[in-house]
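Please construct the entire structure, taking both the sequences and the accompanying hints into account.
Top line first, the protein sequences correspond to chains D and G. Letter by letter, the first sequence follows residues 17 to 95 in my numbering. Letter by letter, the second sequence follows residues 59 to 198 in my numbering.
It is worth saying that the hints were derived from the structure and are not from the lab. Hints should not be assumed to be uniformly reliable.
As the list claims (entries may be wrong) - Rough simulated footprint, nothing fancy, chain G against chain D, three-plus residues with beta-carbon under 8 Å:
id, stretch
1, 21-34
2, 43-53
3, 82-92
As the list claims (entries may be wrong) - For lysine-lysine, the following DSS-like pairs were computed, each having C-alpha atoms within a straight-line distance of at most 25 Å:
id, chain 1, residue 1, chain 2, residue 2
4, G, K98, D, K20
5, G, K124, G, K114
6, G, K124, G, K172
7, D, K33, G, K180
8, G, K98, G, K180
9, G, K80, D, K33
10, G, K124, G, K180
Because the structure is a prediction, the values reported are computed rather than measured. Glycine included, each C-beta is placed from N, C-alpha and C at the ideal position.
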Amino acid sequence: MNIKVRFFASVREIAGKSETDLQVEAGATVSGLMTILQGIFPRLSPAGMMVAVNQEFAAPGAVLREGDEVALLPPVSGG
Amino acid sequence: LIEITREAIRPQSVIDRVLSDKCGAVVTFIGTVRNNFEGKRVLYLEYEAYPEMARKKLAEIAVEVKSQWPVEEVAVTHRLGRLDIGEISVVIAVSAGHRVAAFQGCQYAIDRIKEIVPIWKKEFYEDGAAWIEGPHHVKV
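Structure representation (structure tokens):
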């Protein structure tokens, strides 16, 4: 199935792009996707990173669905 | 009541969005760009957001404030893009019948923004730049 991944801030600079489309197996979880992404982008560090699925924070075990938008969010620093 | 903008923020415009005849108090928080970090001179900042989610989380924070204190309205405007020293990065305005709820609700709102709203700042120095991630600085 197709997943859109968006990168922000330091993660965007590490990835060298702001988004990418990935093919993952049905039933893939957030943590499974993170493993795939670390294979593609070895400098990606999951420490402290939050993940959002369709603009809502998601746990590592959350199961992804076709067409989901996943975002990798470093610790925030707005305000 | 929630706004993310690349234009300079006028605090009065945020205050105007929460004013009401029922209210006896409006508390505002104005975040501004500081010229130093740990003794280093900061030249300017850049703010980046996941805008769709940032708007959603800011709206959720407003709901949280209203559920915890007797406040009338909560408005937030956050700026993105390049900001020079002294410019305004965020304005929060909370109106309430009485001051205590407005003060407490406003403090809660800025504390929550720093926890859950996907907005990041990058500091630019004379000798480089760093993304600020929560309490940490990440050299680039």
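Could you grab the alpha-carbon distance between G/K124 and G/K114 and see if it respects the 25 Å cut-off?
holds, 16 Å
Claimed coverage, the stretch 21-34 of chain D by chain G - three or more beta carbons nearer than 8 Å
With 6 residues close enough to chain G, the hint holds.
Are there at least three residues in the stretch 43-53 of chain D whose beta carbon sits under 8 Å from a beta carbon of chain G?
Answer violated; 0 residues pass the 8 Å Cβ test.
Is G/K80 close enough to D/K33, meaning Cα to Cα at most 25 Å?
violated, 49 Å
Are the Cα positions of G/K98 and G/K180 separated by 25 Å at most?
Holds, at roughly 14 Å.
With the threshold set at 25 Å, check whether the alpha-carbon distance from D/K33 to G/K180 stays at or below it.
Between D/K33 and G/K180 the Cα gap is close to 17 Å, so the pair holds against 25 Å.
Hinted pair G/K124 and G/K172, Cα distance within 25 Å:
Between G/K124 and G/K172 the Cα gap is close to 18 Å, so the pair holds against 25 Å.
Would you check chain G against the stretch 82-92 of chain D, counting CB to CB pairs closer than 8 Å, and say if three or more residues qualify?
Holds, because 5 residues of the stretch 82-92 of chain D bring their Cβ atoms closer than 8 Å to Cβ atoms of chain G.
Would you mind confirming whether the straight-line C-alpha gap from G/K98 to D/K20 stays at or under 25 Å?
At roughly 38 Å apart (the allowed maximum being 25 Å), D/K20 and G/K98 break the hint.
For the pair we were handed, G/K124 and G/K180, check the Cα-Cα distance against 25 Å.
Violated, because 32 Å separates the two Cα atoms, which is more than 25 Å.
The structure fails hints 2, 4, 9, 10 (numbered hints given earlier, in ascending order).
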